[in-house]
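S.K.: Residue numbers (the working numbering), protein chains in the order written: chain A, -5 to 757; chain B, -5 to 757.
In case anyone wonders, no lab produced these hints; they're calculated from the structure.
Hints are not guaranteed to be accurate.
In silico contact screen, one side only, chain A against chain B (beta carbon under 8 Å); selected entries [said to hold, decoys possible]: (1) 29; (2) 31; (3) 199; (4) 557; (5) 594.
Heads up, the beta-carbon is just placed ideally off N, CA and C, and yes, glycines get one too.
Protein chains: 2
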Amino acid sequence: MKRFTQRTITLLIAAGMGLATTAAWSAESLQDVLKRRNLSQQDLLAAAKTYVPTGKRDEFIAFSSGGQSGQVIVYGIPSMRILKYIGVFTPEPWQGYGYDEESKKVLAGGRIDGKDITWGDTHHPGFSETNGEADGQFLFINDKANPRLAVLDLRDFETKQIVVNPIMKSEHGGAFVTPNTDYVIETVQYAAPLENKKFYPLEEFNEKYRGGITYWKFDRKEGKIDPKQSFSLELPPYSQDLADAGKGPSDGWSFNNSFCSERYVGGIEKGRPPYEAGCSAKDTDYMHVINWKRAAELVKEGKAKKINGHDVLMMDTAIKEGILFLIPEPKSPHGVDVTPDGTKIVVAGKLDTHVSVYSFDKIMAAIKAGKIESKDPYGIPVLSMKDTLHTQVSLGLGPLHTQFDSKPCVAYTSLYVDSQVAKWDFCEGKVLDKISVHYNIGHLMTMEGDTTKPAGRYLVALNKLSIDRFNPVGPLHPQNHQLIDISNDKMQLIYDMPIPLGEPHYVVAIDAKKLKPGVRYKLGTDSRTDKPHPAAVRAGEERTEKKGNKIEVFGSLIRSHITPETIEAEIGDEVTIHLTNLERAQDETHGFTVSTYNVHASVEPGKTVTVKFKADKEGVYPYYCTEFCSALHLEMQGYLLVKPKGWKATKTTLAAGNYTEAEYKAIVKKVADTQTVIDSVVGYITSVNYKDFPDAVAMVEDAFDQIGKTKGLKEKHEAFAAKKDWENAALWAEQIWQYQVKCADLGIRAKTHLEQNGAKKVK
Amino acid sequence: MKRFTQRTITLLIAAGMGLATTAAWSAESLQDVLKRRNLSQQDLLAAAKTYVPTGKRDEFIAFSSGGQSGQVIVYGIPSMRILKYIGVFTPEPWQGYGYDEESKKVLAGGRIDGKDITWGDTHHPGFSETNGEADGQFLFINDKANPRLAVLDLRDFETKQIVVNPIMKSEHGGAFVTPNTDYVIETVQYAAPLENKKFYPLEEFNEKYRGGITYWKFDRKEGKIDPKQSFSLELPPYSQDLADAGKGPSDGWSFNNSFCSERYVGGIEKGRPPYEAGCSAKDTDYMHVINWKRAAELVKEGKAKKINGHDVLMMDTAIKEGILFLIPEPKSPHGVDVTPDGTKIVVAGKLDTHVSVYSFDKIMAAIKAGKIESKDPYGIPVLSMKDTLHTQVSLGLGPLHTQFDSKPCVAYTSLYVDSQVAKWDFCEGKVLDKISVHYNIGHLMTMEGDTTKPAGRYLVALNKLSIDRFNPVGPLHPQNHQLIDISNDKMQLIYDMPIPLGEPHYVVAIDAKKLKPGVRYKLGTDSRTDKPHPAAVRAGEERTEKKGNKIEVFGSLIRSHITPETIEAEIGDEVTIHLTNLERAQDETHGFTVSTYNVHASVEPGKTVTVKFKADKEGVYPYYCTEFCSALHLEMQGYLLVKPKGWKATKTTLAAGNYTEAEYKAIVKKVADTQTVIDSVVGYITSVNYKDFPDAVAMVEDAFDQIGKTKGLKEKHEAFAAKKDWENAALWAEQIWQYQVKCADLGIRAKTHLEQNGAKKVK
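Here chain A stands alone, though its shape is the one from the complex:
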């Protein structure tokens, strides 16, 4: 391809494209740029496929695990720009997550054995589904290191709940969602005794250590997991791994794979072969096939055993009731994926070259016919591969995870060792295309590719640590997500994206149009409960209450002041500060911190948050708004005064400012001049069809809000002037100007927005 590039481009420009040589907006032509930057035709095409111009939107939104950062990463496709890190298992101060009292309660839901866990190893995100389709309402994600599951609300992209798995000490597979989000599935990784804090030696591994699978009941109306309605199955001490819920014909069943069904116990320090040898010595592990709908009924019928207060269906019961089966699968697989139509289940054993496609019909037929090949050491019936396989396809070295296309029968599987993606036909069992990716791909992901209606278009390859893709940033490299265009017969690699924080294990993506997040909260909302905050205030209701050694501030934030501007405490007082953001403009987030007291809050418009601390050191501690919220952002400040016990004031008046009548009059003139500017901006706005632009309308409303706050201030400064109190006269006049500046700022923003978006003159 390269040979075409320079020459063709030169010709084309010479031939009269005139793309840039005559263009006013740049002195450099496209030809110049391609030459200077050494870009090929293919590069230019890839750039055109991924570039999202200013103000335009991405087509899909990806939600990626943030790996050991404990967070969720949100990015746009095809631009691969990261839009947000959402605090999930790890405190995140920018969001106030883990710093305000409301979010501390969410994190407290994830305490284990009475202690805070301040991080997580997030692994598998999963969308809530309706009829098997991603519905854009909720996202679930698990913590492998400390078995937990989190619920994120996609109305505000905040974490609302964390639940701790009651029987697991390690998990990997989760969150997998049933087609109507009745349950969220989580599976054990490394086996351990199910009873909490119970020790058994490794010598009793086969008898006392167990795997398991948990079905978390989701209450969609509450937007919360209901632990009381959730249950688990006891499973053998094989390392259960990923899972998937059946759909369509296979709805009601779930499938999960496993590794180390050898039940090997390592001990390299004692001269035993390590886990890696003992856990992959046999040719096959087991796919677990579970009838979860029947299991849920059995739990309701009282057939579960309580372990750590949680309902667990024991293996004996599951076997007796015929809801648990095993099928051999090529060894050490990672990923079990149900096809969009629900008829087949794809498993890739990463130490084999094949993907295995199992037929749900055949599985059911074998079960019905009682065609049991054998039983595992725990008595679980094992169906044969022969009886249940649809086909096996040799794809290459290290097949790992499979996702689906919008085109029927088309699947994509990552090849770890070959560092490739294979496109193949799971109906016919044949390879269609292969593409090389950056080294060592783990999972891969297509748009809504694990739902009943995959959207096709793009595929993301999740590659491990990048050594030669990006500018070096020290020994700890970013990961590399590569974007591949799958619209056409041949796959095309179009973008390399570094992941700057955490090692994403898996990612899911949804059509951007399905997401409809809010832009502000209803005034006085506790965003973590979505309920009215009991300590919210409206403008004018701010107050400070002191009872004994407890100080409670009911404050507010609005451009550009904090009410109150002084908080007085005595040493040892407990200080609680509730803050309501009174703004309506969607980007008027305010932050709040008190110097060296280790509190921070992020207060989006309408939100109310609470910070708490003990005033345990005497002195003077400034507080301020930590968001760049307006031109006067730096003046959005105040002082916490922590006085010695029993301190008595000797001086009771603040130093007077030094203001003259001339200064007062100059400010009054400035106010009048600024009003002329505002009037001219208003003149422009009302001369065009601004009402057709919702963002402009919002800014105009906000501008009127701001100017509305000047009500009464003219009378006020004039009254002070009449009394020759030039300081108060000047400052209250100045305060009018403050509001004018904000009003003008908004008006100019609205004007720019209208100009940039093609507003038209109206008569």
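With chain A's structure known, arrange chain B on it following the hints.
M.R.: Relative to the frame of chain A, chain B by itself:
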């Protein structure tokens, strides 16, 4: 412009560009893509200017404050891809930062009044400089909320030191570096008593509250701030703001601006005008002009006063010694920027429309001539604007921060209210160009734009919260950094970049070629001290020591096992685990965690880290490698066993595996077959000029390392086979295969790398 687009492109394709219709790699032509994605010519040009193809590098590397995330963000220009978040003031589990003992010590340096501060409000990054040029060795960044300064080493992009400002309760301006990095400058934001934990009422604001400026001494050889050699100046209780060090002719002096020189105290809750009115009522604030070189000498001469154990030059001394002057500046400025040649100082008062260009020569002349206009309330001599101004230029509404071009006399200033960037000539005092940016720009930044040798090319506009630029992600929006091409006469906006975590306050960028970070550590390094770690091990030196209730593990990590694979403790034991990563391959980072014990480590090749915890709960807790390090990553596991006090084993043998001679022989055959694959890959590699490719050479060396580990294993499995111990025979043979898989993996990676990078056949 739009009218050209479709038609011209159509013509051009028709005219024979043949860009894509006949290209094999895609079914979609450039024309199709532009039409489908509704891209204009200008969009395509911008895409071509910013797209970085797979494997290619960015030209500049930006280091951005991470705002309230407390971290530093590293991104590439022009692709605007984020390469890394570096943990600085906030614990960051992916990096083990704040989770391993080594980094806990760094964070402990930032404890205030004996307590952990678990976040920061990072504001101004600054590079170390040599002769006024960014040298790519260190980065400094400050914490506004809890006045602290951090040192990052750009050899490994890790935070090495945090120091707490001994006299400030709030700061904003920092880190500003003197031309040879002798000092790093930090300035107070909100005034408070300088004495630690000292309360004075607001009524004594003028008398007892103070501002200040600190000059932190940097020891380049140690790579650390030396607090004992650092000093401060007491300053009036004006809110000191940003600063800059003189350079060239002005070297030895520093300049900082201020706001609220009114010394206004708010109290909106008591009916007083708020801070925003009282702090910006007067037309001017003060630029502070300080002879820091002379100040440092005065401190050495013993003229400083100790406050909180720290050397502070009091205002009276500074005045008497003639090293401190004030000059009026238009009110409420943010940014004071010394021109690259050091002759001028640019200040923009954000509530005025002008930038003011002061002449260093004129300042010196006025000082020399004793032309003192007045004195401030503290007796500091005030020079006049008239005597010191070079020129003033009206740029627009809300001028804020200025950066410089590689072209002489060319500067860029952000206009907050106008939401524009102005390009202007600071010699001639005229406007050259303006460009609209997304709403409300704060700082802006050009490449090495605050050094003596700006690099030109690009400008980044740091805009506040984006409301309509990106797909919505809930009420808390990302920020927006816009990339502007400044190579030509007219500025061109070429990229919108969302910032997903934290509100970056400022950013600096450096030519990528100046950075030469390491890719691995010398074996056994404590990366936070850059010294050999006392608990490092080499392969074979791993051991566990128990003394009383203290367990100390000297372990190692290597693909794909942790040594040891079992750690036994009694309840209540203190467990210390040291882990050395024995890998040499640069991307073989391993992670480590113990289930629910809230520890995590990131262990890059060569690094040794320590995690510590109390085994305070009985039971079985899996540990594992948290990085996706190899195909057998999931098998890189072990168990922490926490036994009850006095527990005695009754069963002392592990369950035997079930292996047959046939299985053993099958594994032996697999090993032989795999060797054939390896040989063929080696055949390819040695058939080309692989030695010309350092990355390939590294992979080949690593592949040989891996296969080298099989030494002795053949004898071992054959000896077990001779004894008919089929389990041990099979597993040790299997272990050979494990190493073969890693060797093959690397060989295939090397092969792909060579193929992709045009390796040539050698004879």
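S.K.: Next step is simple, just say for each hint if it's right about the structure.
M.R.: Verification of the supplied hints:
no.	hint	in the structure
1	29	violated (10 Å)
2	31	holds (7 Å)
3	199	holds (6 Å)
4	557	holds (5 Å)
5	594	holds (6 Å)
Checked against the numbered hints listed earlier, the structure breaks hint 1 alone; every other hint is satisfied.
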